[in-house]
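Novice: Start from the sequences, fold in the hints, and give me the full structure.
Chains as they are written, first to last, in my numbering: chain W, 2 to 302; chain Y, 2 to 302.
Derived from the structure by calculation, the hints contain no laboratory data. Some hints could be false.
In this list, chains with the same sequence are indistinguishable; a pair is considered to hold if it fits within one copy or across any two.
When the alpha-carbon atoms are kept at most 30 Å apart in a straight line, the in silico BS3-like pairs for lysine-lysine are as follows [unchecked claim]: (1) Lys41 - Lys253; (2) Lys19 - Lys41; (3) Lys41 - Lys247; (4) Lys253 - Lys23; (5) Lys266 - Lys115; (6) Lys253 - Lys19.
Protein chains: 2
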Amino acid sequence: MVTGNRRVRNLWMADALKDALKYAAEVVEAAIAAAVRPVKTPIPEAMMYAVRGGKSLRGFLVLEGARLHGVQERIAAPIAGAIEAMHAYSLIHDDLPCMDDDDLRRGKPTVHRKWDEATAVLTGDALQALAFELIMLADITPETKVVLAHMLAVDAGERGMVGGQAADIAAESAAAALTLGEIESLQAKKTGALVEWACAAGPRIAGADEMPMRQYGRALGRAFQIADDILDVTGDAEAVGKAVGKDHAAGKATFVSLLGLDGAKSRAVELVDEACDALDVYREAANTLKAAARFVVQRTH
Amino acid sequence: MVTGNRRVRNLWMADALKDALKYAAEVVEAAIAAAVRPVKTPIPEAMMYAVRGGKSLRGFLVLEGARLHGVQERIAAPIAGAIEAMHAYSLIHDDLPCMDDDDLRRGKPTVHRKWDEATAVLTGDALQALAFELIMLADITPETKVVLAHMLAVDAGERGMVGGQAADIAAESAAAALTLGEIESLQAKKTGALVEWACAAGPRIAGADEMPMRQYGRALGRAFQIADDILDVTGDAEAVGKAVGKDHAAGKATFVSLLGLDGAKSRAVELVDEACDALDVYREAANTLKAAARFVVQRTH
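Specialist: Encoded structure:
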């Protein structure tokens, strides 16, 4: 009976998570649409195109972190929009022919395929500016805006996401494959920093302790990246919504090439447990966040 | 004698301006270098490369606007660095093969020619993030940081610089050439907004009236763009430090094609007078700023 109840409960959690993610995507889209006005160029349309259809995991993390600390959704919404605008810009630029040269993203043509390269560069540029604009628009104290914007600038810039992407590109032409430590450090910058930012935003707005959410975010980000490497090997392009097998074919060092498929899977499960444990202080209120962490690993099979 | 004295005085002013611009470039470079740390990728070096060797006009405007209002230079320096980082990013991206496809900028190979396109995209992206980081680092109130960052995000984004650049690209393939009003609106977004931001920053930090500096900046930005169009026709690449004659050769509507060379020159002179008049409230203290406005037109012949 306990097992049965737990299964029902897990199913319910999966549905609740699905709803929460879908809802986060709607909140994010509304927050961004409110700040993007139609002009005579394709940029606003391309901005909304790039934001739509994603998992909105980072926006969801902001909204859940805020909810956990009693921050109203209307206050957290522009912050969720900010992190998703930043994420969408990074995907557009990463997909460019001079970078990963991808034609497919989120199951749709990439921005430079649907429009052209110039539009893709400019749309990414505008989305990065929009991320900072949305923080400044939020109904939070100037002190909090400054901390969030400062952290975001560092996490997105040369010491964060951009630096991680540059190191990733440099690794492709390097003589020696990356070690596990180097991949972890690269990924911590490339994706980890912004996932952690999203997790820390809610408690920061509430003036609460950021540590549990940061620990959760750090473990989640690492699990997420391992899951991505696993999907690159086991997934099919249609389900994943983007090209797969590229890293494997390129002989690139990944968590899978270094740990093996089973090793990578068990490492991801360990990290998910670590992420969930960090949230124990919130008890049942953190169930959706815990389900999100598990979902990250379930994506792999 | 009066004429003679005035000539000596103008020569002195030209030297003082040259020194002030050179000094602004040094302050800007130091402010940016302090926030850029060496990592294992070419990005930090490319960031500094892109910032160096420019006129640093926008950084100079911040420092002068600050000085006029008794704001210490150490306080204004990161703000001057912020606007130059934003400007440098826009030049790197504008020079990309998919945009203006320029090989030469400030007399040196463009970033994508010296390194490659991926490095150019990422270096621009990192410089935009750095602009916001530098504002957050400045020793000013959180309220002022928020206003400066909010204005910068709007002026740099889809409703500002990026929108202007996109409109400029769209105009190239449009059936009808742009009208004077359309060019003015496009240029106001593309370059005017950030020049005005630079002018407004000093008084904003001091809590003083921004209007005189904004009026100066708006007229200066317009004069600057007309001067750029004139240089495209009359300048030589070596002196200008970038390719010239491209707009003219492309049959693009410019201030020169619409007003004629003489018409464009007198419009630029009118705007410089307008810029200088706006600063009368500051009396002699604004002489270097007035010299800067005159310098913009002197560049044309």
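Novice: Which of the numbered hints are not met once you compare them with the structure shown?
Specialist: 2, 4, 5 and 6
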